[in-house]
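Once you've looked at the hints, dock chain D against the given chain Z.
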Amino acid sequence: MLGGYAHRLARINLSSGQVEYFAPDPKDLEMYVGGRGLGVKYVFENGPKVDPLGPDNLLCIMNGPLSGTRAKMSGRLAVVTKSPLTGTVTDSHMGGWTAAKLKWAGFDGLLIKGASEKPVYLLVKDGEVTLHDASDLWGKTTHETHRILRERHGEDADVMAIGPAGENLVRFANWINNDERAAGRGGTGAVAGSKKLKAIVVVGKQEKMPQPKDPELWREADQQASATINDPKNVTAPKKGGLSLYGTNVLMNICNVMGALPTFNGQHTCIEGVETISGEYVREHRLIKDNTCHACPVACKKMVEVHLNGKAIRFESYEYESAWALGAHVGSTDTDWTGYAIYLCNAYGMDTIETGNAIAVLMEATEKGYYQGPDGIRFGDKEGEIRILEAIAHRRGVGDSLAEGPARFAKAIGHPELSLEVKGQSIPAYDPRGLKGMGIAYATSNRGACHLRAYTPASEILGVPYKTDPLAWEGKGKLTKLFQDLSAFTDSLDLCKFSQFAEGLEEYAKQLAAYWGRPVTPEEILLIGERIYNLERYYNNLAGHGEGSDYLPERFLKEPSDCAGSKGQLTELEQMLEEYYRERGWEKGVVPPAKLQALGILPSAAD
Amino acid sequence: MPKVNLYATFRDLTGQTQVRVEGKTVGEVLEALVRAYPALRAELFEGEGLSEGVSLFLEGRDVRYLQGLTTPLAEEATLDLFPPVAGGGFVQRFGALPPWLLERYLLEWGGKKMEEGVYALPGATVRFQEEEPLRVGSLSISQLRVEVEGEEAEAWFQRIHLAAARGGG
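Protein sequences, first through last, are from chains Z and D.
Read in order, the letters of the first sequence are residues 1 to 607 in the numbering used here.
Read in order, the letters of the second sequence are residues 1001 to 1169 in the numbering used here.
Treat the hints with care, as some may be off.
Here are the computed lysine to aspartate or glutamate pairs in the EDC-like style, where the Cα-Cα straight-line distance is at most 20 Å [said to hold, decoys possible]:
#, chain 1, residue 1, chain 2, residue 2
1, Z, 233, D, 1103
2, Z, 467, D, 1080
3, Z, 411, Z, 400
4, Z, 467, D, 1115
Examples of chain D residues lying across from chain Z (beta carbon under 10 Å, computed) [what the hints assert, rightly or not]:
#, residue
5, 1013
6, 1017
7, 1097
8, 1133
9, 1137
10, 1147
11, 1159
Just so you know, the hints here were simulated from the structure itself, not pulled from any lab data.
C-beta: ideal position from N, C-alpha, C; glycine also.
This is chain Z alone, in the form it adopts within the complex (with noise of 0.2 Å):
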């Protein structure tokens, strides 16, 4: 029996109120890992066909073998679903401890189908899984859900909860911990809230730890990652490196300088005065404290501190992402409106990424004349920003409409050229004309635009694991594919992201081999993030999402940067999609069933 896994997992209809408990099939763990991986098979079982905001979508709650062990950066925790904003398969990853705890609640996932009649929560603890009512909880912001939650039953449980976005179907509503960590991206609150599903309340005692197969190696394995995270010329170095002391928003500054940062809605790719919305200015002038997740010595948690109208608001954190969606992007550099937009999503339970490119989208329409409603606003109004965000929430105005999603606003307005999105899922904050990379990431990422199924800038940027150059198209294609699959597969462990900033496929294999009782090679690790990433694609391609489903928005094949540092540059995208699709052995954008064969996806032949 492979090491690392409580081998139990809940499925829970909560049409019927019904749990039934389960050891996950031993094949499928070598062949999915867990977490992501794991969730993808489950939902790929479930069907691609069912309505994401509809009893049949299968919402998985996921950890993976390295979860509440001690690995470094293993706080993270996979929510896996049919999203209601793309349609296709998505993940989205939170840290903090729930991932931990869920495992020293004795498990690796859990399956929830069906929908309440009333408002649920569920609580997690000692290998049960119990349904309780949660009308009183219904209407609550995810801070006060979680308060409540933890005074009933202890400030040790943890607590993931929906918002008012959730429950109001906002198509990119997300889930919020109480350390203030997201599972951001995909709308998978919204389908909690098709669920009514509130929260999740995880009672776990460190004592239930999995322990390795193979203490000895994984004396080695852990010595190794920790040495190489705790390197004082890695960027993760706690206190040292550059994505220690600023957190993600160290980005910020970088990305301007560069003419990747898209502004004003992608019309410009920097902005002036970008310093004080940077994570430079933010941990001068706003920080707190330096907060962590679960067996993390890199600390990129920020707790700031924004002043508004006399009221002091403490959240975290001032994320790249977030304070560029409701910064840069809506023409905003101020440091304290920002974080209040921030704080307020987190509070809402909504997508800060998704959310600033609504009202981007909504501020540009307005100001060409393409929306004549009385909701409109211009880039800049960080009062008329707050007003659209809580509208969109709570469903108002024209919020209601926001709420189905940027792309499906715009061409509701006849505009659908204003959404910067792929598959229905807006871009996130590197802009592909000054980061070639990032534009095939964009149009081949299974879950819509995103920056973190391959993170093409760790090379176009940081060099790592070698660099390219930001503003050649050649050999991104390869690149993406090893990120994708690379990324896949520590998605599945599940592993933070900037772990990979210093540990590497020899310090994954270790870990996992010390942990599962057998040897496991690099090569293996990227056959199993291959397989992932095909599975995703197969799902995808059977929901509807066929040839020509990999594209760009408009905006940066036609309009050229007009920032120093890329000026003049479109992307490229044909040239790179080519290439990509030769790597992946796709063609134009499809699985063709022998690779879904020579991965064991589906038989072959001589099954």
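Chain D alone, transformed into the frame defined by chain Z:
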């Protein structure tokens, strides 16, 4: 006057690590360089064009993706000129791969330390050296130059590439 930083065997051929030569385009600078160091001609050019294996960067950008030899140069431009990977040798600069970690990999693969920064593997020799870190904004990323030579160089180079694979997010 533009600066040209020279690397590896180009340093042996010229006896210099950096030279300053006249030129308003990349092509003019290379012509001036060849006039000063004729031994470089065969290395740099194939016919009228830049030799396929040579890597030439202008402020970090491969000139092939700019305007090639006609790329205009500012008075204070800096070019980095790398020799082709040839004679069974393979060279790569890796980010976020500390030297002690590469040494650990090499020992696990049966490598034997010959001297500081030099390991012998079956059929290949690996040389590595820390270079100036890449500094971007408030970030600094270590850079390790790795060179593999010998009959089995390609296979070992790919093994190192795989071990060095990292990403981020």
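Hint check results:
1. For the hint pairing residue 233 of chain Z with residue 1103 of chain D, the CA-to-CA distance comes to about 16 Å; that is within 20 Å, so the pair holds.
2. Taking the CA atoms of residue 467 of chain Z and residue 1080 of chain D, the gap is about 14 Å. The hint holds against a cut of 20 Å.
3. In summary, the hint linking residue 411 of chain Z to residue 400 of chain Z is supported, as the alpha carbons are separated by about 14 Å, within the 20 Å threshold.
4. About 28 Å separates the Cα atoms of residue 467 of chain Z and residue 1115 of chain D, which puts this hinted pair outside 20 Å; it is violated.
5. Taking 10 Å as the C-beta cut-off, the interface hint given for residue 1013 of chain D is violated, the closest approach to chain Z being about 25 Å.
6. Hint status for residue 1017 of chain D relative to chain Z: violated, with the closest Cβ pair at about 20 Å, above 10 Å.
7. At a threshold of 10 Å, the smallest CB-CB gap from residue 1097 of chain D to chain Z is about 7 Å, leaving the interface hint in force.
8. The beta carbon of residue 1133 of chain D is positioned within 10 Å of a beta carbon in chain Z (closest approach about 7 Å), and the interface hint is therefore held.
9. A hinted interface residue such as residue 1137 of chain D counts as satisfied when its beta carbon comes closer than 10 Å to some beta carbon of chain Z; here the least separation is about 4 Å, so the hint holds.
10. Using the Cβ-Cβ criterion of 10 Å, the hint placing residue 1147 of chain D at the interface with chain Z is not satisfied: the shortest such distance is roughly 14 Å.
11. For residue 1159 of chain D, the shortest C-beta to C-beta distance to chain Z is roughly 9 Å, which falls under 10 Å, so the interface hint holds.
Of the numbered hints listed earlier, those contradicted by the structure are 4, 5, 6, 10.
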